[in-house]
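Visitor: Just so we're aligned, residue 1 is where the sequence shown starts under the UniProt record's numbering, counting upward by one.
For the record, the hints were derived by calculation from the structure and aren't laboratory data.
Mixed in with the good hints there might be a few duds.
Stated by the list, open to error - Derived pair list, reagent style DSS-like, types lysine-lysine, alpha-carbon separation capped at 27 angstroms: (1) Lys183 x Lys103; (2) Lys147 x Lys10; (3) Lys46 x Lys184.
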Amino acid sequence: MVPYILSYIKARVDPSVQSQSTVWLSALALASQGLSMALGGLVYQKAGFRVVVGLGCLLHSGSVFLTNITIQRTYIGVIITYSVLMGLGLGFAYSVVMGVAAKWFPKRRFLIVGLVVGGFGLGALVFTPIQTALINPNNIPVNPKTKLFDDPELLDRIPRAFLILGGILISGQIVGFVLMSEKKQKVNKQSVDFFVVSNLVLSLF
1 MVPYILSYIK ARVDPSVQSQ STVWLSALAL ASQGLSMALG GLVYQKAGFR VVVGLGCLLH
61 SGSVFLTNIT IQRTYIGVII TYSVLMGLGL GFAYSVVMGV AAKWFPKRRF LIVGLVVGGF
121 GLGALVFTPI QTALINPNNI PVNPKTKLFD DPELLDRIPR AFLILGGILI SGQIVGFVLM
181 SEKKQKVNKQ SVDFFVVSNL VLSLF
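Sequences and hints are given; from them, build the entire structure.
Guide: Below, the structure written as C-alpha cells:
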C-alpha cells in the first residue's frame, strides 16, 4: 500500500512529503509491534487470551478503518494509524496466538509456531492482489517522471479501499476469534516467567 499512500498524499494532501519519509511507516510499525508483544504476554497472564486477541484485532482492523480518514488529512495521521496503531495491534496478539496454538500440540510446538508465522507471511500473497483489484484494476502504470500514481480515478479509490480492506480483516478476525480456544493445563510460576521472558526476547526482533 505504500506507493498508493505516498501517491495520494503528494497529489491530494501535502506535496512537500518526500519519498524517503515512507521509511517511517515500516520502522514505527516494527517498533510498536515489538513493544506490544511483551505487553500482550503480560496482559495474557492477568486477563486471558480472549482479551488480548480481541484488543489486538480491534487495534489492527481499526487502524485500517481510521486510515480512511487520516489519509485525506495528514501524512502524520497516516503514520499514527497505519503504522503505530497497526503495529500495536499485531504485536499485542501475535505472540499470544502462537502460544495458544502451540499448547494444543506440545510435541510439535515448533511446527505449529512455524505454521502460524508462515500463515502471517502468506497474508501478503492474499491481500496484495486484493489491494490491486480495489485500487488499480486496470494496472495503470506510475508516472515515469515522478514514479508515483497520478491517475485521478485511481487516487479516488484509495481512501475507500481502506474501508473495504478493514471490513475484510475484521470479518476474518471475528471468525478466527470465535473458533479459537485455549487448551487447559496447569501453569506454574516457572512457565509463566518463561512466557513473559520469551515475549520480551521476541520483542527485540
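Visitor: Now, for every hint given, state plainly whether the structure supports it.
Guide: Checked hints:
{"no.": "1", "hint": "Lys183 x Lys103", "result": "holds (6 angstroms)"}
{"no.": "2", "hint": "Lys147 x Lys10", "result": "holds (12 angstroms)"}
{"no.": "3", "hint": "Lys46 x Lys184", "result": "holds (16 angstroms)"}
Going through the hint list in order, the structure satisfies each hint without exception.
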